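Sequences listed follow chains A and B, in order.
To convert, note that position 106 of the first sequence is 106 in our numbering; the numbers rise steadily by one, no gaps.
Every position in the second sequence, counted from 1, becomes a number in our numbering once 158 is added.
Rather than coming from a laboratory, the hints here were simulated on the basis of the structure.
Just so you know, these numbers come straight off a predicted model, no measurement behind them.
Quick reminder that beta carbons are idealized off the backbone N, C-alpha and C, glycines included.
A portion of the hints provided could be inaccurate.
What the hints assert, rightly or not - Stretches of chain A that chain B covers, calculated by requiring three or more beta carbons in the stretch to come under 8 Å of a beta carbon on chain B:
#, segment
1, 49–58
2, 61–69
3, 88–102
4, 150–158
Claimed, not checked - Here are some, though not all, of the chain B residues that point toward chain A, as calculated from beta-carbon distances under 7 Å:
#, residue
5, S190
6, H192
7, G201
8, T202
9, A204
10, I214
11, L215
12, S219
13, V220
14, L265
15, L268
16, A303
17, I312
18, V313
19, R316
20, Y320
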Amino acid sequence: MSLQDWFIALSRSPLGHAMQTSRWGFAIVEMVHLLGLALLGGSVLIVDLRLLGVILKGEPAIMIGRGVNRLLLGSLTVMVLSGIALLSEEAGKCYYSPAFRCKMALLAAAVVFYFTLHRQALLRVQSGKPTLWPRFAAVISLLLWLGVGVAGRAIGLL
Amino acid sequence: MLFLQHFCEMLYQSSFGTMLRESNNAFSVIESIHVLSITLLVGTIAILDLRMIGLILRSVSVRRVARSVLPLSWSGFAVSVASGFLLFWAEAAKMYVNPSFRTKLVLLVLAGFNALIFHTAVYSHAQEWEQQHISPWQARVTAIASLTLWGGVIVAGRAIAYF
């Protein structure tokens, strides 16, 4: 099965059918997606501003990272699941959407970065002002997550 | 109420309102800024609320979390009010009768009252309990109210487009 076949299968699945025919289904899932966005945005911002040395400078960065890790991954899960439901409504169209492709590439990059280099940067910053690399990692992380959001907004516009 | 309705119609028919409404990109760009600033506002408030409930950042004192987070919340609030007013200007006559828009405004006022109660009656004694992993019930009640009301603002805001 090619990737496109998977997208078509999703839009023809019971989930896709429900999203296409229900009167309020799409709107409600969209609201859940936005609520997840607020929580994900808040947790990403707190970790990255700590990594930048803007807030909570007294605490080791990894402590802040661990402190919001569950919230970050939990809200990301909510966003991915509600995102799949939104996608199922018009998966065939999204497959060709440059904004959607861009969003998925940025999302993959943001998640991989979070679990690898970003994590290493968190471990390096004990207290006080961070060195250059952790701050650079924070900027990359913020730009990647912001990019996911902006590309996501563009799906409906382009 | 008639005065309010006239005011909304005046905004709607003004040249600036018409320009925003009929623009190809301006409205979408302002809308995107509105969503981003609400994410900043609600996301950072949620960090403080969840800390008081004891779900995240238990080892950091409540006042340190509040001092880090609240300036961000206020910046998000300022930008979302400004961008929200521009969106309202473009659609004012429709917003006046939109039930979701009215609900959103009521929820905003309630969220404001809740914040006022929190700052005057709860947070002012925070130095006595800021280290506790789970804050006293008064703080938890305002935190749950805040999460519910701000969540409601997002839901009602999204619903505006469906009416």
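Hint check, failures only: The structure conflicts with hints 3, 6, 12, 13, 14, 15, 16, although it agrees with all the remaining ones.
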